[in-house]
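> Respectively, the protein sequence lines represent chains E and P.
Sequential numbering from 1 applies to the first sequence in my numbering.
Sequential numbering from 1 applies to the second sequence in my numbering.
Each pair of labels, with its calculated beta carbon distance range:
(1) Gln-199(P) <-> Glu-106(E): 53 to 63 angstroms
(2) His-93(E) <-> Phe-118(P): 17 to 27 angstroms
(3) Pro-105(E) <-> Val-123(P): 27 to 37 angstroms
(4) Glu-74(P) <-> Pro-39(E): 48 to 58 angstroms
(5) Ser-20(P) <-> Leu-55(E): 15 to 25 angstroms
(6) Gln-68(P) <-> Gly-102(E): 31 to 41 angstroms
(7) Ala-207(P) <-> Glu-127(E): 52 to 62 angstroms
(8) Gly-136(P) <-> Glu-106(E): 45 to 55 angstroms
It is worth saying that the hints were derived from the structure and are not from the lab.
By construction, the Cβ of each residue, glycine as well, lies at the ideal position given by its N, Cα and C atoms.
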Amino acid sequence: MSDSSSANHPPLSILAYCCEHCAYAAADLAGSLRMQYPPNIRIVRLPCTGKIDVLIILQALEDGADGVMVAGCLPGDCHFLEGNVNAKRRVKHIRNLLGEIGLEPERVRMYQLSSAMAGEFVRISEEMTREIEKLGPNPLKKNQR
Amino acid sequence: MIIAEQKKLSEITALLGDASKVLVIGCGTCVTVCFAGGSREAAILAASLRMSTQLAGNGKQVADVTVQRQCEWEYLDQIAEQVKEADILLSLGCGIGVQAIAEHFPDKWVVPGLNTSFLGLPVEQGIWSERCAACGDCILGLTGGICPIARCSKSLLNGPCGGSEAGHCEVSKDIPCAWQLIYDRLSSLGKVEMLYELQPPKNWQKARDGGPRKITREDLLLGEKED
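For reference, chain E alone in the conformation it holds in the complex (with noise of 0.2 angstroms):
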């Protein structure tokens, strides 16, 4: 475990809604190639980050997540044409919610990679943790009340 457990709260939870062309077989890969990646990063998988919708990470960050990560397609790439474009937008905007709501906007983040891309699904989910990590856990999270 990541040095979040360590400390007296639970360990850091962070979704990561991951594109099945791309971000979740970068995953799949980095796995097969042994490599490792904080295990604090729980994987949701997607048809497409086109798919993520504002109340689904909403709803997330409410239950208690402490980050979300929608990792799509490179740009160009996207099987569906834009559903990483839209992803982004998406993005961008929950975030400015999320500033009108009074939670760190950077508790959401849009990466975008392809499926060979397993070395940087890995720097991606280290970069995330660490981020999440010096926000520390989720001010909603219900047992932390």
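Model the placement of chain P on the given structure of chain E, informed by the hints.
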């Protein structure tokens, strides 16, 4: 359809005051189609309010429900039980919906979550544009189906004015000159000579200038009514 947009969360929170049980009421008609106040938006707003008030240390109980149309009593009857439980009602309907709720539930305090903007259409996904001013005396038959009341900044009947520049209104480059649109359309349909006929001043009494409007259709009334 009626186009609306959601108020800022800070304004909505201020309207809710210290009420602790909030019922967000979405509407399944116009404001669903313009992504301002449908069931999805009601759920997002309810979650946002739960989260923001919890973070501010005064967590509210916020539930959401969506009716097919807030502007009809029959649909409002369906949520009477949930309304009874709430301290305050937050309507995500247009201004008509908010007033219908106030009228139908006279002992409840209702506040608006939307700013009702105009009557229009989505010109493309995510962009809405005004098309009708509900003036009460439609002249689209004279202008090739393009409304100078709603779409000309001055609502001119015999336009364009001197502010029309390269097809745009002087108010903004983003606003096409309605009279340029009318001229172009009538030209393409070979009906430009219609514009030679001058239109007399409009009777604005049929619009808002005549006071609040009401339509009664005797043929649709139910039961016996006194003459």
